[in-house]
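Asks: Top to bottom, those sequences are chains A and B.
As numbered in my numbering, residues 1 to 453 make up the first sequence, in order.
As numbered in my numbering, residues 454 to 736 make up the second sequence, in order.
Derived from the structure by calculation, the hints contain no laboratory data.
In silico BS3-like links for lysine-lysine, alpha-carbon gap of 27 angstroms or less:
#1 Lys488/B - Lys623/B
#2 Lys615/B - Lys243/A
#3 Lys148/A - Lys327/A
#4 Lys148/A - Lys623/B
#5 Lys200/A - Lys615/B
#6 Lys387/A - Lys367/A
#7 Lys327/A - Lys123/A
#8 Lys137/A - Lys148/A
#9 Lys137/A - Lys151/A
#10 Lys327/A - Lys92/A
#11 Lys306/A - Lys623/B
#12 Lys123/A - Lys92/A
#13 Lys151/A - Lys401/A
#14 Lys401/A - Lys148/A
#15 Lys401/A - Lys137/A
#16 Lys613/B - Lys200/A
#17 Lys200/A - Lys623/B
#18 Lys66/A - Lys92/A
#19 Lys148/A - Lys92/A
#20 Lys92/A - Lys348/A
#21 Lys615/B - Lys271/A
#22 Lys151/A - Lys488/B
#23 Lys243/A - Lys613/B
#24 Lys488/B - Lys148/A
#25 Lys92/A - Lys137/A
#26 Lys623/B - Lys151/A
#27 Lys348/A - Lys327/A
#28 Lys306/A - Lys615/B
#29 Lys387/A - Lys401/A
#30 Lys123/A - Lys151/A
#31 Lys613/B - Lys306/A
#32 Lys488/B - Lys327/A
#33 Lys613/B - Lys271/A
Residues per chain, in single letters:
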Amino acid sequence: MTVSVVGISFHTAPVELREQASLRSAEVSLRLQGIRAEFPGSELVLVSTCNRTELYTVGIDMAAHKDRLISHLLREAANPHAAELSRHFYVKQDLQAAEHLFAVASGLDAMVVGETEILGQVKQALVLSEEAQTTGKVIHTLFQNAFKTAKRVHTETDICRGRVSVASLAVELAEKIFDNLITKTVMIVGAGDTAELALKNLIDRGARDILVLNRTHAHGQNLAERCGGRALQFDLLEDYLSKADIVISSTSAPHLVIRADAVRRSIQARKGRPILLIDIAVPRDIDPEAGLIDNVYVYSIDDLQKLASDNLSKRQEAVDEAWLIVKEGLSGVAMLFDGGGLREVLRKVDDYGRRIGETALQRTLAKEKMADLPEPLREEIVELARKIVNKMLAEPREALKRAARNGDWNQYAGVVNDLFGFNSKEQGKEKLNIPGDPAGGDGRAQKEDTTIL
Amino acid sequence: MSVETLLSVSGTVFYIIASAMAVLSFVRIDSRRDKAGLMCLVMGSIILSAALALRVVKAGGVPSFNRFDGLACYVLGLSVVYLLVNTHRSTRGVAGLLFPFLAFILLCGITAQGVDPGPLPAPQNPWLVLHVVVGYAAYAVFSLASLNAAAYLLQDYNMKHKHFGRVWEKLPSLETLDHLMSRLVGLSFLLLTISVILGCALIHQTGGSDRWITDPKVAAVSAVWILFAVLVHMRASADRHGRGVAILTVGGLALVLFAFVGVHFVADTLHAFLKVHRGVAGL
Numbered sequence: 001m002t003v004s005v006v007g008i009s010f011h012t013a014p015v016e017l018r019e020q021a022s023l024r025s026a027e028v029s030l031r032l033q034g035i036r037a038e039f040p041g042s043e044l045v046l047v048s049t050c051n052r053t054e055l056y057t058v059g060i061d062m063a064a065h066k067d068r069l070i071s072h073l074l075r076e077a078a079n080p081h082a083a084e085l086s087r088h089f090y091v092k093q094d095l096q097a098a099e100h101l102f103a104v105a106s107g108l109d110a111m112v113v114g115e116t117e118i119l120g121q122v123k124q125a126l127v128l129s130e131e132a133q134t135t136g137k138v139i140h141t142l143f144q145n146a147f148k149t150a151k152r153v154h155t156e157t158d159i160c161r162g163r164v165s166v167a168s169l170a171v172e173l174a175e176k177i178f179d180n181l182i183t184k185t186v187m188i189v190g191a192g193d194t195a196e197l198a199l200k201n202l203i204d205r206g207a208r209d210i211l212v213l214n215r216t217h218a219h220g221q222n223l224a225e226r227c228g229g230r231a232l233q234f235d236l237l238e239d240y241l242s243k244a245d246i247v248i249s250s251t252s253a254p255h256l257v258i259r260a261d262a263v264r265r266s267i268q269a270r271k272g273r274p275i276l277l278i279d280i281a282v283p284r285d286i287d288p289e290a291g292l293i294d295n296v297y298v299y300s301i302d303d304l305q306k307l308a309s310d311n312l313s314k315r316q317e318a319v320d321e322a323w324l325i326v327k328e329g330l331s332g333v334a335m336l337f338d339g340g341g342l343r344e345v346l347r348k349v350d351d352y353g354r355r356i357g358e359t360a361l362q363r364t365l366a367k368e369k370m371a372d373l374p375e376p377l378r379e380e381i382v383e384l385a386r387k388i389v390n391k392m393l394a395e396p397r398e399a400l401k402r403a404a405r406n407g408d409w410n411q412y413a414g415v416v417n418d419l420f421g422f423n424s425k426e427q428g429k430e431k432l433n434i435p436g437d438p439a440g441g442d443g444r445a446q447k448e449d450t451t452i453l
Numbered sequence: 454m455s456v457e458t459l460l461s462v463s464g465t466v467f468y469i470i471a472s473a474m475a476v477l478s479f480v481r482i483d484s485r486r487d488k489a490g491l492m493c494l495v496m497g498s499i500i501l502s503a504a505l506a507l508r509v510v511k512a513g514g515v516p517s518f519n520r521f522d523g524l525a526c527y528v529l530g531l532s533v534v535y536l537l538v539n540t541h542r543s544t545r546g547v548a549g550l551l552f553p554f555l556a557f558i559l560l561c562g563i564t565a566q567g568v569d570p571g572p573l574p575a576p577q578n579p580w581l582v583l584h585v586v587v588g589y590a591a592y593a594v595f596s597l598a599s600l601n602a603a604a605y606l607l608q609d610y611n612m613k614h615k616h617f618g619r620v621w622e623k624l625p626s627l628e629t630l631d632h633l634m635s636r637l638v639g640l641s642f643l644l645l646t647i648s649v650i651l652g653c654a655l656i657h658q659t660g661g662s663d664r665w666i667t668d669p670k671v672a673a674v675s676a677v678w679i680l681f682a683v684l685v686h687m688r689a690s691a692d693r694h695g696r697g698v699a700i701l702t703v704g705g706l707a708l709v710l711f712a713f714v715g716v717h718f719v720a721d722t723l724h725a726f727l728k729v730h731r732g733v734a735g736l
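The following block holds chain A by itself, in its conformation from the complex:
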């Protein structure tokens, strides 16, 4: 079975090209069924997100059908430019394809390394493909192993620890102060884009009570309507400060909007309950002196950027560790692949040994002086040859299994193929090359249908 992936991602194409191949959930099933109709017996999963569109296939010769598959993936409007667009598509096969899937699912191939949303999207892609009945045993096993590996990467490394965008960091900070956000009041001062994004993140985490204050009341009302909050007059800011647990300020005022005295009064009214003040305005809206008051936590845009940068560094540090887990995970699927799979290579090694033994035995037993050899002795010689071959191949077999377990499979498979000349033999249509054999030394020994060993 050949496992392949053909796709386009942010690595290879800008968004204006990626969107030509981006598919909605409803379209995915139709595309999959279209491809399946053209390639009966194939197994297919189509992953389509804002950053990538990838088709994972089993049983399709990618070298021969790449362009057909790309044409299936592209929107109809883009099809006339398929040839040009196809330059931005990549193709990976067998272990490289599996490695790519594992990296994608683990967030190693994401735009922001360690992103976890992609795992859910890949899972969803498998579900859609199952519903479209285009999956099979091989692709199912491959994806399940990818999910298992991604889970290990997420839990055993720091790859997805900490948020990395300024807007989402408001949530991270809020969750280190408050138990849950459902009962908390969020106050938005000003209606900047980043503040709105931060608010959306807080709402996603459960925040329900939203207060919006803006100098232009209509703008505040507009935002309040969009997020299901209440718009208040700007001059009520100090009155409501003690009611807010989280304040995000992003006005364009050239002076301080929230003074330390006002914060001190509000914290007294709150009886020591903590308050989180996030200031994403430049120049700053919140008096930095407020940060010196007990139970008040003030963060400026620089603090958030530092936290984002720290989190990203932690993620980068974990990348090598995550790749090791991916390599280990790959060993679990190595046997799925043609030519490079453990089972396949072991079979070739066994065949190689058996053929050497059989050829040598046939040649020896065919000699005239061996003609009168009694049958028990003949069987003894055959058994001896079998044991020698098995003994010689036992250690290489174990080394190959170890390599597969340790994630060194690619390297070992290549070495074995070179050492035993499997690649050249396949190209030469199974011509047997027995080292040291005068008859077959030129690599042209005949393959005989024998079953002596």
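Knowing the structure of chain A, use the given hints to seat chain B on it.
Replies: Structure of chain B alone, referenced to chain A:
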């Protein structure tokens, strides 16, 4: 070396391993190590319980405690309360403070007591046992509240000074810690009140004496009870939260440890009826 001593030492070793794992989790976050640390704590608790149970069986009832027994009971109480709290709400970051504290207490117990647990004194009056056990439970619950308060102050420091490291990442939210402090202080106040009432009943049962009023141990426990009452009032009636309450709760641990152990070193107390062999314990 007796079997009880062997068990006590083994239990302590498990606590030391658990504390090493909990501290390491501040260096590098690993959920498997957290689980292993928790398992070590459970194993240590089981082994310590077995050691204490063996002494009870050998004595034919609950004997008066030697120093190690007393501290082991306190550690067990703290461990059980922590495990119960942890099943309800994840506070694994607190383990980095709690486990080393527990291991330290056990090591103090072993050092003070030596390896020989000593002769087994006669079993105690069941009401006295209840008085002591409930008192220990009150100390254990309050100690956990204090360690939560210490974690609160640590997290507050991290948040204030923008130290977004592993400790910050590992510790629970300030509100979680504040909430736990509040609940645990309330529970410890209730338990200590029950223990004090039982103590008064025991004095009355044995004929009563004015000497108890002036006993240093009684005075220390009274101070602890007042502290608990103040903290409960701050929480329940005055609705106070945050750093100030956390500082008071951490400070309270010193008073609790003094009333629990320290008082025996600085004054003669009528509670010395629990004094046995080379060690003292008791309320």
